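Chain by chain, the residues run as shown.
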Amino acid sequence: MKKIIELKNISQHYKMGRSIVKALDNVDLDIISGELTALIGPSGSGKSTLLNVTGGLVKPTEGEVKIKNGLITSLSENDLCLFRRNNIGFIFQSFNLNPTLSALENVMMPLIYARVKQDKRKDMATHALKLVGLDERKDHKPGELSGGQQQRVSIARALVNNPEIVLCDEPTGNLDSETGKEILSLITKMNKESKVTFIIVTHDINVAKICDRIITLKDGKILKDERK
Amino acid sequence: MVNNMIDKDIIKFAWMSLWRRKLRTILTLIGIMIGTAGIITMVSLGVGLEESVTGEFESGNMTNIEVYPGVNMGPTEGNSIKILKRENVNELKQLDGVKAVTPIYQTYGELNIGRESVGANFTGIDTKEVDELGYQLKEGRFPRKDSIILGSSLEGQISKNNKKDLLRSSSSISFSDGFSELEKNNTSKKYRTRITGVLKSTGGAEDYSVIMDIDELIDMVEEKNDTKDIIEKEGYSNIRVVANDMDEIDRLSKEINDKGYMAYSIKNMIEQVGSVFKFLQLFLGGIGSIALIVAAVGITNTMIMSTYERTKEIGVNKVIGASVRDIRKQFLYEATFIGLLGGTAGLILSYILSFLINTIAKIFMSGLEDNITSIPIWLALFAIIFSTAVGILSGLYPANKAAKISVLEALRQE
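One line per chain: the protein sequences are Z and S, in this order.
Just so you know, the first sequence maps onto residues 61 to 288 in the working numbering.
Just so you know, the second sequence maps onto residues 110 to 523 in the working numbering.
Everything labelled a hint here was simulated from the structure, so no lab data went into it.
Hints may be right or wrong, so weigh each one.
Taking lysine-lysine pairs in the DSSO-like style, the calculated list, with each CA pair at most 30 Å apart, reads [said to hold, decoys possible]: (1) Z/K119 / S/K333; (2) Z/K75 / Z/K62; (3) Z/K198 / Z/K63; (4) S/K421 / Z/K182; (5) Z/K177 / S/K513; (6) S/K510 / Z/K82; (7) S/K342 / Z/K82; (8) Z/K190 / S/K421; (9) Z/K119 / S/K510; (10) S/K421 / Z/K119.
Since the structure is predicted, the reported quantities are computational estimates derived from the model, not experimental observations.
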């Protein structure tokens, strides 16, 4: 049981006018390698903030984040970018694909930044698209794809660099329930087959149900932490 | 090796990003283009002018001062010289630093070679001084009392219809009154002469002239007009003073003017033309510099706008692996491209401008042979490097701004 993510005493405070909002309040959390974890809770409970802190998109006001035993809270912004490049994939509710690039080019972007050699990039990206079942539409631009297909492209993009951790922020939030289920089964498949650690922020209880572990947040604190 | 690969892809991103916004990119380029063209044209005028002045200097005419009768401009001016006579020639010979002096008498007449007859400007000079007067021969030798030499254009004109060797052809000079067409059957007297040489082209009036001994010429004119004192009445056309050294020209010109003559030298003319070009240079340089400054601000402005517009894209790229340095580099490359392309366009524009200036100058300044603008390789290279540097400098601030964009805030934008 290897701990891949360790959060210690994480607090995140925002200034809202004169008052200070505690988005996270002394949160401690360990994530085991290969786990499929759901973060649930009402809006404003701090679940997205927790995900962003974990992914190094924002530095916590207090506390330490360790990933694979490395302290990322002390890294400079540039080093944080380099760290994310090799270790963490992201999936967003609104896909965030580059509309001017084809599906294949979108998936190749992380490889370009990771300085993967040109001849290997195309193979890796095509392979990733094949895993999400979209290799036939690789030359289409995001505008020519359905929501579900766009989310598949973004999953391929998150996985193409073989990260150990993938963080998902409401991955099914913009999809109808049928497509949402497909995306979800794709995520579980990746989790089981490739042993990738997933953390999914969601308010959809159906999403949470399929996860190994459900963490409920409220007012910036962990309310419940259940494992199946 | 790895580093080359990085840059190639980031450069490609930069290029694609400019290409996606073609119109804006081109509009931003125009400022740099005008600025660079202005500055190149300014410097090229300076370079070209210097080259043509040096060219004139080498042709040897820079030591000549043409002296004309003084013009009485003001009511107080009493001592200006109205007619150039023998004594004036002697007076000018007394000046310090003078190598040679010749009176010059000019009149219009016909040169007959075989059956051919051409109108020409006859210039009489003191043939004893001919070696010192700055004439340069293309072929043959200088004339003595009874012979003549031809300007190069005049020779060309005659040779077109006459295949025989000019220097061996029998020739004569005649002066017709009034309307030459009616005089074609030629009642006027012909003076036999020999052509001993042809002058190099100077681009001036001499190209169309016959150069001969002044006393011979005056004798002919006096015989035709049936007078004996043409110089006493009309005077010489002008007097040419040849200085020992170009550095003496200014002093000599002043002394000659002080004596009531009007002195006129090529050096003088070039200086006057030069001051016009100085003004043109300042004007173009001013426009160029201002345009470059405005263009630099324009690049900065365009790129700052671009960072706002692309905030989301930049944020996403950072999430999927772009480092802070990658983003900064991409923006700097974009600015570099704008500078480089603008500079290149400016260079092309200045070649066109340079061509136009030279063409127009040749139309308005007959006899001008050298180009008055010239763009040497070093200037072209400097311009490109300079405009690229302007691009990079203008891109520094926006590039840092783009690199600092917070991922979270970027992602919040829709």
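For this session: Below or equal to 30 Å on CA atoms is what counts here, so check S/K421 against Z/K119.
Result: It holds: about 19 Å lies between the C-alpha atoms, which stays within 30 Å.
For this session: For the pair we were handed, Z/K119 and S/K510, check the Cα-Cα distance against 30 Å.
Result: holds, 20 Å
Exercise. Is the Cα-Cα distance between Z/K177 and S/K513 30 Å or less?
Worked result: Satisfied, since the Cα-Cα distance of roughly 27 Å is no more than 30 Å.
Exercise. Given the proposed pairing of S/K421 with Z/K182, does the C-alpha separation stay at or below 30 Å?
Worked result: holds, 25 Å
Exercise. Is the hinted pair Z/K190 and S/K421 satisfied, with a Cα-Cα distance of at most 30 Å?
Worked result: This hinted pair holds, its Cα atoms lying about 28 Å apart.
Exercise. Given the hinted pair S/K342 and Z/K82, is their alpha-carbon gap at most 30 Å?
Worked result: With a Cα-Cα distance of about 113 Å, the restraint between S/K342 and Z/K82 is violated, given a limit of 30 Å.
Exercise. Holds or violated: are the alpha carbons of S/K510 and Z/K82 at most 30 Å from each other?
Worked result: holds, 29 Å
Exercise. Taken at face value, is the distance from the CA of S/K333 to the CA of Z/K119 at most 30 Å?
Worked result: violated, 109 Å
Exercise. Does the structure keep Z/K75 and Z/K62 at a Cα separation of 30 Å or less?
Worked result: violated, 36 Å
For this session: Would you mind confirming whether the straight-line C-alpha gap from Z/K198 to Z/K63 stays at or under 30 Å?
Result: violated, 36 Å
The structure fails hints 1, 2, 3, 7 (numbered hints given earlier, in ascending order).
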